[in-house]
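Visitor: Residue numbers (my numbering), protein chains in the order written: chain D, 1 to 258; chain Z, 1 to 258.
Among these hints, one or two may not hold up.
Because identical chains cannot be distinguished in the list, a pair is counted as satisfied if it fits within a single copy or across any two copies.
As a list, the in silico DMTMM-like pairs of lysine to aspartate or glutamate whose alpha-carbon atoms are at most 20 angstroms apart [stated by the list, open to error]: (1) K181 / E244; (2) K184 / E86; (3) K156 / E194; (4) K42 / D143; (5) K162 / E224; (6) K162 / E194; (7) K162 / D51; (8) K49 / E244.
No lab work stands behind these hints: they were computed from the structure.
Number of protein chains: 2
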Amino acid sequence: MKDVTRRDFLIGTGLFSAGMLLSKVFQIDLATPVQAKMKAQKWPWPYEKLDPEKTAEMAYNEWYRIFCGGAVISSIFSQLAEKIGEPYASFPIDAFIIQEGGLAGWGTLCGSLNGAAVVANCICGPRTSGSHAGHIITTNLMDWYSNTSLPIYKPKNPKANKDHIVQTMSNSPLCHISVGKWMKASGFALASPERKDRCARITASVAYKLVEMLNAWKDGKFHEEVKWSPAGMFGITAQQNCAECHGSNIPEAPKMKK
Amino acid sequence: MKDVTRRDFLIGTGLFSAGMLLSKVFQIDLATPVQAKMKAQKWPWPYEKLDPEKTAEMAYNEWYRIFCGGAVISSIFSQLAEKIGEPYASFPIDAFIIQEGGLAGWGTLCGSLNGAAVVANCICGPRTSGSHAGHIITTNLMDWYSNTSLPIYKPKNPKANKDHIVQTMSNSPLCHISVGKWMKASGFALASPERKDRCARITASVAYKLVEMLNAWKDGKFHEEVKWSPAGMFGITAQQNCAECHGSNIPEAPKMKK
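Taking the hints into account, I'd like the entire structure generated from these sequences.
Guide: Pasting the structure below:
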């Protein structure tokens with residue numbers, strides 16, 4: 001199994017087909033009865049367009065209180081709670097501090113993406129509501145995060161890296177990989193003010209990008225095509241760059257009998 | 001850098017010290033002003049003990065509707081919404097379908113753990129509330145998941161693997177690794193009914209274990225000692241088994257100057 005190139009990665013042909021593929025390969029049935037009919041389960045949630053710059057600035061500052069996942073959620077939901085009220089006012093933002101450091105510091109999924117996924121799927125609605133927008137925005141955001149030199153956003157009053165900040169491309173949505181590559185390139189340790197400022201700026205950059213996507217979706221102008229369907233391509237959930245972790249010894253996933 | 005053994009992993013000496021270490025190494029300040037004071041931000045959430053067996057059965061069935069992350073959350077929050085009402089009734093369960101397959105199928109963090117982390121940190125409260133219980137339960141659950149032959153839970157009416165199911169130890173909280181090792185050991189493909197049943201049983205097993213932990217916490221009897229502090233040990237967010245991905249070439253993280 002060889003690496004998937006960026007070109008291979010951009011294979012999507014439309015939101016509908018992506019949804020169909022997901023339904024076919026990974027899940028069984030979207031239409032079984034809803035077990036818990038609860039108040040906030042009305043989709044999509046009401047949304048008013050936000051200012052990406054203001055949101056990013058809030059996310060940067062909130063990082064120093066509740067880290068990456070909580071900060072992305074707070075930067076968007078707290079504005080919407082003020083503008084709109086419910087269901088945003090009842091969302092337990094601070095609980096998402098747990099997403100920090102790839103969940104409780106284990107270095108798995110970057111919390112800024114984990115939090116952004118929650119935001120996109122509340123606002124646009126989950127696949128159970130018949131909309132695939134939240135899913136596609138999440139996938140686009142993970143692709144953008146993996147393939148962009150970050151951080152992009154410059155806070156008004158940075159707490160560190162005031163003159164210059166090293167940017168790195170993670171090639172992965174994993175905290176451990178993203179943080180590790182930046183630490184290696186910059187030479188700054190995990191507990192340094194510079195690394196903390198870097199992760200706060202990453203969080204702000206993700207919040208900025210997410211609001212751009214949500215605003216486009218609100219205007220009916222979100223038509224990005226990136227869909228990563230490893231289930232269909234590789235027969236297993238995965239990133240697109242197997243060899244970065246696996247080296248020359250990549251296990252072959254069992255395939256369905258034809 | 002060599003692998004960390006299970007013995008090294010069990011190094012904790014108390015909840016308080018774990019919280020202190022986290023505060024010292026990874027974050028700056030727990031006490032900065034709360035930017036968004038919202039309704040559901042009162043901690044801990046009211047909790048009544050649940051039946052692990054009933055919860056697991058619900059989680060198993062919900063997997064076929066909203067997958068791993070959503071199903072763990074639904075199995076617990078829908079019962080508490082019925083018993084207690086708010087704030088559970090306003091929680092947007094279905095949005096967490098996005099956690100499936102390691103977030104939108106990318107194979108990162110197993111959704112059952114991602115969902116369980118949300119549950120534990122809502123019920124016990126986030127670290128901003130002064131409680132570390134939700135964080136410690138999350139870490140314990142990730143450790144248990146990584147070091148246990150799963151799935152354990154047997155549903156009343158399994159949809160597949162009716163006579164026998166292969167159990168595997170993931171040594172990782174990552175979807176891709178957990179699913180991949182099971183697929184290799186069982187020979188079943190991702191889209192097979194057997195693999196789906198396996199992930200539904202994993203989800204049920206996690207929900208069962210989480211309720212056991214929450215019930216012990218409610219009784220003041222949760223005193224497990226597992227704390228994984230890679231920030232302190234390795235100087236980077238990480239799992240404990242570096243060599244499984246890195247092989248013989250493990251990058252050294254920059255350390256703080258003494």
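Visitor: Is it within, between, both, or neither for K162 and E194, if the alpha carbons may be no more than 20 angstroms apart?
Guide: within (9 angstroms within a copy, 54 angstroms between copies)
Visitor: One pair to classify: K42 and D143, alpha carbons no more than 20 angstroms apart. Within, between, both, or neither?
Guide: Neither way: K42 and D143 sit 28 angstroms apart in one copy and 35 angstroms across, limit 20 angstroms.
Visitor: How would you classify K162 and D51 at a CA-CA limit of 20 angstroms: within, between, both, or neither?
Guide: neither (24 angstroms within a copy, 53 angstroms between copies)
Visitor: Under a CA distance limit of 20 angstroms, which applies to K49 and E244: within one copy, between copies, both, or neither?
Guide: neither (38 angstroms within a copy, 44 angstroms between copies)
Visitor: Could you figure out if K181 and E244 sit no more than 20 angstroms apart (CA to CA) within one copy, between two copies, both or neither?
Guide: Both: 12 angstroms inside a copy, 18 angstroms across copies.
Visitor: Within, between, both or neither: how does the pair K184, E86 come out at a Cα-Cα threshold of 20 angstroms?
Guide: neither (44 angstroms within a copy, 46 angstroms between copies)
Visitor: Given identical chains, is K156 near E194, meaning Cα to Cα at most 20 angstroms, within a copy, between copies, both, or neither?
Guide: within (16 angstroms within a copy, 53 angstroms between copies)
Visitor: Treating 20 angstroms as the Cα threshold, decide for K162 and E224: within, between, both or neither.
Guide: Cα proximity of K162 and E224: none, with 34 angstroms in one copy and 42 angstroms across.
When held up to the earlier numbered hints, the structure conflicts with 2, 4, 5, 7 and 8 and fits the remainder.
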